[in-house]
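Number of protein chains: 2
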Amino acid sequence: MADKVLIYSRFPKTMMARFAERFELLDTAGKPAQEVFSSDKLGDVRALLTGGGRPLGAGAMDLFPKLGAIVCYGTGYDGVDLKTAAARNIAVGHSPGANAASVADIAMTLMLAATRRILVADQYVRSGDWAASKPSPMMRPQAGMPGRRIGVYGMGEVGRKIAARCAAFESEVGYFSRSRHDVPYQYFPTLEALADWCSVLMVAVRAGAETHHAVNADILKRLGEDGYVVNISRGSVIDEKALVAALTDKLIAGAGLDVYAKEPHAPGALTALPNVVLAPHIGGHTLESHVAMQDCALANLTAFFAGRPLPYAVKTA
Amino acid sequence: MADKVLIYSRFPKTMMARFAERFELLDTAGKPAQEVFSSDKLGDVRALLTGGGRPLGAGAMDLFPKLGAIVCYGTGYDGVDLKTAAARNIAVGHSPGANAASVADIAMTLMLAATRRILVADQYVRSGDWAASKPSPMMRPQAGMPGRRIGVYGMGEVGRKIAARCAAFESEVGYFSRSRHDVPYQYFPTLEALADWCSVLMVAVRAGAETHHAVNADILKRLGEDGYVVNISRGSVIDEKALVAALTDKLIAGAGLDVYAKEPHAPGALTALPNVVLAPHIGGHTLESHVAMQDCALANLTAFFAGRPLPYAVKTA
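So the sequence lines, in the order shown, correspond to chains A and B. Quick note on numbering that gives the first Met the number 0: the first sequence kicks off at 0 and runs consecutively. Quick note on numbering that gives the first Met the number 0: the second sequence kicks off at 0 and runs consecutively.
No lab work stands behind these hints, which were simulated from the structure alone. No false leads were slipped in.
In this list, chains with the same sequence are indistinguishable; a pair is considered to hold if it fits within one copy or across any two.
Simulated crosslink set (DSS-like; lysine-lysine; CA at most 27 Å straight-line):
1. Lys133 x Lys30
2. Lys65 x Lys30
3. Lys12 x Lys133
4. Lys249 x Lys12
5. Lys261 x Lys133
6. Lys249 x Lys261
Computed from a predicted model, the values in this text were never measured in an experiment.
Produce the complete structure using the sequences and hints provided.
Below, the structure written as structure tokens:
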């Protein structure tokens, strides 16, 4: 009999087909598990697969008395109550680095699209305004990449890849992180100092209680009226209300966002703005990154059912 | 009395103000010169400033019997009839490399925006389709940058900068150029071979008779159904009708274009497509690149009126 895996989030059909080759899936498709399956069925569940940002606290874990492994698809695990998991001896795994390049690339895409105003530019061509030589204040030239100061917040695998890409654009790169890393970029001891220095802030820090609303009204104001913020981490790292206010009041020039406070919802005040580029959390959304993340998740599940430690376990400090 | 400069193309007011500090400007604002100024006035003109892509043949030069210098704003000079200019002993100058980083950056912006489908993504968020979990075939995952084969057509200053940036994205980079260069990228002896190999073709070659419609239906077909073409050179390098057909018939996956056959017009068949990203010839359109290009043009004009050779003369083979 195949080992059972509870699917806690909603995942694509093609991905589920691959997992179904190895395990018996109890697929909730993102609905509350107790609404989809009987408590008998849930009582048998020893492992579950989840999107790491989805809330998974003590109450949810209580639904699965035999739960031994929580496997997160992707790098993040901020939705998982790690303390409760540890207290109940539940192993927690994720896919570290599997999507780092793909996420770094969406950060670059959002930064370039926002600073070069590619949405406005595309619309200017498509609408016929270009052909009509219609004046467009939004199309005024902006500062380019050479010499631009890019601040990277967080120097994990994604942050490093963002920094390396920015350096190739002839930009200056600085960073803030809890600790100094062996990287060829200028270190700033506080996020405030980094924000004072840079004109683009790339948010690549791990989400959690420590970084909740770390990018607040004060940090945004420090970026200045030519400043941009790009977030590919989690919505929780930015105070979204403060961001909307800063963008609306033109305290900063623009933003590129792949993540939001309450996904899949982006606030209406944000979606009405012309100076933002918005993506629906597609950072890790490339063919090879999905394959790599699936490989990690399958390896974690396989090891768990074989009684071995998870090869890609979440490392808690 | 200030030296007179005929302004042959339409340029921004702020730029004209800077030139007016040094010269007396006869500004056509892009209209036919003989409609704006008397033939007496035109008869005095010894130097003109033009956008290098704007047609400037023997007939137009005949309007200015005393013409001694044609100064192109930007790198390109494909609109200028160099043979006639040489026969009439007219010096031709441009702004080599001044906008290379800015143009390379728009190439990267267009490539990333097209391959990661950022226009569709932004619309998916803004429309509320994401919040409604509406299926979107256009949002299916695509291949990312690591391991992608990027073909750069032309290895001048812009081509080199594109190649260096792509390498930082962990992509493989190949190129075709009239001759092999001392660069760490794979050389292909023909454009056909490059197109067979790559999945993104970056058009960065100098425009001219030799490269007119070099990217034709055959080259596009070789890119394949997962292939993209990005053009930041001149519209004339691509057979635009063949491109529209290839995009419409899905012989290739998409395109990112900053230049068109007949600017400022983009064909309606192109502006109706969802799998293209269109920019209104803004490659060199950054603050620092405008300043650098203006510096070159001012230096060329100043040298000419002082009886010296142009410091940024067009080098003809």
